[in-house]
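Listed in order, the protein sequences are those of chains Y and L. Under numbering that gives the first Met the number 0, the first residue of the first sequence carries the number 0, and numbering increases by one thereafter. Under numbering that gives the first Met the number 0, the first residue of the second sequence carries the number 0, and numbering increases by one thereafter.
What the hints contain is simulated information worked out from the structure, not anything from laboratory work. Ideal Cβ positions, reconstructed from N, Cα and C, are used throughout, including at glycine. Some hints could be false.
[Stated by the list, open to error] Coverage of chain Y stretches by chain L, computed from C-beta distances (three or more under 8 Å per stretch; other residues unrestricted):
no. : region
1   : 16-27
2   : 81-93
3   : 189-202
4   : 220-232
[To be verified] Here are the simulated lysine to aspartate or glutamate pairs, EDC-like style, with alpha carbons at most 20 Å apart:
no. : chain 1 : residue 1 : chain 2 : residue 2
5   : L       : Lys69     : Y       : Asp157
6   : L       : Lys4      : Y       : Asp117
7   : L       : Lys69     : Y       : Asp117
8   : L       : Lys69     : Y       : Glu158
9   : Y       : Lys61     : Y       : Asp131
10  : L       : Lys69     : Y       : Glu153
11  : Y       : Lys61     : Y       : Asp144
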Amino acid sequence: MNVSLALGPSTVFALIVLIAFLIFFFGAWSRIEQQGHRPVLRALRPLVRLKSLIGQSAETGKGLYYSPGSGGLNDQPGAAETLSSLTTLSAVSRGAARSGASLQVSANDTLSYLAAQDVVQAEYAGAGRLDDFDPHNVRFVTQQDRLAYIAGVESSLDEEAISGSVMLGRFDSEYLLAGERANQLDIPQVAGSSRVEAMPLMLASAGPESTLLGEEIYAAPAYLSRRPALLASVGAQDALRMLIILAIILGVIAASTGLLPNIGDYFLR
Amino acid sequence: MQRVKIYLPLIVVFVTALLVLVDFFTTGLVDNIGHVLALWVSLIAGFLLLLGLANISTVHFQRIRQGHPKRLYSLALLVSMVVVILAGVIGRVAGYQDGVSNWIFQYIYQPLATTLFSLLAFLLINAALRTLRIGTIESTLLVIGALIVLLGQVAFAPFNGLHSISQWFQDYPVLGIIRGILIGTALGAIATSLRYLLGVDNNYMR
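Bound conformation, chain Y alone:
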């Protein structure tokens, strides 16, 4: 058997990023656990609003609607966004279970539907309120059909007693259909996506105070739960970003001076 390393420009870059992230991540995690050195996080206003939506739901007795995006766990480009949204859902359901708010969740594929159901059930069980968990409040709407899913979200906003809507995850331009329906019904909303197709529409529909942009949706779980591992992950992302900025600056200098003319291959492929 002839085994060899498949190291081309793109794999070398991926390997460096992977190893660097693991080093930064475990370094930051051990600093938080051993020395209690928690990173200072800048305020994210949409997440403050999200917490207030949970409180409003508990006060009014109306449900809080949560959508983990119109992507899915079996949809490769959007799987990470959906995973991050499910971690955020975990923190939101914990808040809902503790405050007595009711939560309604919908999903656009079976894997995220089952994962969402497990996440919400686990948080209600953790808060000692398993009796209040209704499995029918987590709904499978469609199987990876973005438009039909958004039509289902619109219909739920229209028909159910909803006090607030949270749409975090992979959305494209179809988000606007649900976002504008929420506006017409005067339902306060928090939205977020890392897709450039959805971000301007979210800013226009939900407003800058209620929109999580790009990487902010990946940081949301750390902000809401404050768990050391999640905070360490945000710290590692920042350290890696600084490393990449440095690599880009050095790369531009190396390519411009002719020192390493093919350095761009390591970044572009």
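Chain Y is already provided as a structure; the job is to place chain L on it using the hints.
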């Protein structure tokens, strides 16, 4: 038993991730294992679809039984679901292959989806006007930028001068910002994936 329930999924996730990474970074050791595992996921997702169908059926049957004001829509959904499933099965058995399902898709579903999508244009104008009324600096800049880029694409003589401004917008500030967002997003995706693979984010099985 409780420990097995917690650790077994973690071990499966970790080993699977390790195999995919080894497949990506080596040749000749576990070639194509990533592809095979992706096929397995599709297969499992196919079976899980039955659970999804059960959930949809239960929710809408309940609405009909409880006399929900919109119960007719629930009935329409259930009837459509049964018709599409039967069309697929009977079409296959009768030798039409996917002809019947494709007909439903092409002549019923597709026009409905296109109609729904076309509403976006009107909703976008509505959202833009509301944004302008709010009048914050960011939202006003967003709408003005969108208008310049949009009018720059129009083949109408009075707007020809905007074409170069629109192109400059797209080539420099927009492209730079998009690349910045993409780097941040990619880092976020890497962090999230690795947290799940290392078993740090295990809220789905507590």
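Hint check:
1. 16-27: holds (count 5)
2. 81-93: It holds, with 5 qualifying residues against the three required.
3. 189-202: Result for this restraint: holds, n = 6.
4. 220-232: holds (count 4)
5. Lys69(L) - Asp157(Y): holds (11 Å)
6. Lys4(L) - Asp117(Y): holds (13 Å)
7. Lys69(L) - Asp117(Y): Measuring from Cα to Cα gives roughly 29 Å; hence the hint is violated.
8. Lys69(L) - Glu158(Y): holds (8 Å)
9. Lys61(Y) - Asp131(Y): holds (14 Å)
10. Lys69(L) - Glu153(Y): The hint holds at about 14 Å.
11. Lys61(Y) - Asp144(Y): Cα-Cα ~28 Å, so violated.
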